[in-house]
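Asker: Dock chain B against the given chain A, drawing on the hints supplied.
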Amino acid sequence: MTLPEVIPFINVRWDDILFLILAAIMIGSALLVVTLRDIIRCGLAMMVCFGALAGIYVIAGAPLVAATQVLVYIGAISVLVLFAIMLTQTKAAPARLVFQTQAVPAAIAAVLLAGIIAVSVAATDWHALSQRVESATGAVAQVLFQQYVLPFEIVSVLLLAAVIGGVFLAKREQGDVS
Amino acid sequence: MTNSLDAYLVLSGLLFAIGSFGFLARRNAISMLMSIELMLNAVNLAIVAFGSFVDRLRPNASVIALMVIAVAAAEATVGLAIVIAIYRNRRTPLVDEYDSLRQ
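Protein chains in written order, with the working numbering: chain A, 3 to 180; chain B, 32 to 134.
Only chain A is shown next, with the shape it has when bound in the complex (with noise of 0.2 Å):
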């Protein structure tokens, strides 16, 4: 059985349902991650965020890009990001100030940004672009491992180099006890 590709009496089409709310659960729990007081429940809205994202992912037609999102941003770099909250809690830093002491023009140069990217979109025709286009998966490899080889080494270079730079940064030094 397949549903209708559009919701009976208001008609609305599924994937634009499916957008809106995966958007609001985005920029819900990104709203929570730059203004929650705990820091832990952060890093937790971080993971929802990046969870929703990976479902517009899909809607755009890039499961690859959502799979990989969801190995390496869920399960790498939040796992990552709590253990670094847990080392680096004391116990009066969630009780004291959240904001630096320009918060509020902060958010008015936030908002301003959001304001320009708006407009900015808005003013550009895109029509002339706009040929929606399906899943492109295989695509992808082709291109990944023939045009774009040489990058991917590079990139798995880098990525070696980080890991051994972060054991080298994160290890104790010989001696020091505290």
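It is possible that part of the hints are untrue.
[To be verified] Reference excerpt, derived from the structure (chain A facing chain B, CB under 10 Å, subset only):
| no. | residue |
| --- | --- |
| 1 | Val8 |
| 2 | Pro10 |
| 3 | Asn13 |
| 4 | Asp17 |
| 5 | Ala105 |
| 6 | Ala112 |
| 7 | Leu161 |
| 8 | Ala172 |
If you are wondering where the hints come from, they were derived from the structure by calculation, not from laboratory data.
Ideal Cβ positions, reconstructed from N, Cα and C, are used throughout, including at glycine.
Answerer: This is chain B only, laid out in the frame that chain A set:
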């Protein structure tokens, strides 16, 4: 709505603005790093959206987004290691208490 590039780009712009606010306003160094991750994700969303709507960019955009994710993973590793290294010296994760150059 899912057939218009504008919706994706406005969403990406909103996420980027939220991330920039968090980066400028939060006191905790790890919060700032999380805000940077939000901004990187916003840029990735814009890249994927362009790849989905512009025929010529279709596979390339996904590859670029994958590269951005890999580099973001490297950035998170090194950034968090630096935060932990500073924390061991200064005993605080709050960036406005890293003021040894000012004294």
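Asker: Does A/Asp17 hold up as a contact with chain B if the rule is Cβ-Cβ below 10 Å?
Answerer: Since the shortest Cβ distance to chain B is 4 Å, the answer is holds.
Asker: Under 10 Å, Cβ to Cβ, is where A/Val8 needs to be relative to chain B, so tell me if that hint holds or is violated.
Answerer: violated, 13 Å
Asker: Quick one, is the A/Pro10 hint okay against chain B at 10 Å, beta carbons?
Answerer: The hint is violated - A/Pro10 has no Cβ within 10 Å of chain B, the shortest such distance being about 18 Å.
Asker: For the restraint on A/Ala172, tell me whether the closest CB of chain B is nearer than 10 Å.
Answerer: Holds, about 4 Å.
Asker: Restraint: A/Leu161 near chain B, CB-CB cut 10 Å. Satisfied or not?
Answerer: holds, 5 Å
Asker: Would the hint on A/Asn13 be counted as holding, given a Cβ-Cβ threshold of 10 Å to chain B?
Answerer: violated, 13 Å
Asker: With a cut-off of 10 Å, does the beta carbon of A/Ala112 approach a beta carbon of chain B closely enough for the hint to hold?
Answerer: Where the cut-off is 10 Å and the nearest Cβ of chain B is about 3 Å from A/Ala112, the hint holds.
Asker: A/Ala105 was flagged as interface toward chain B. Is the shortest Cβ-Cβ separation under 10 Å?
Answerer: holds, 4 Å
Hints 1, 2, 3 from the earlier list are contradicted by this structure; the remaining hints agree with it.
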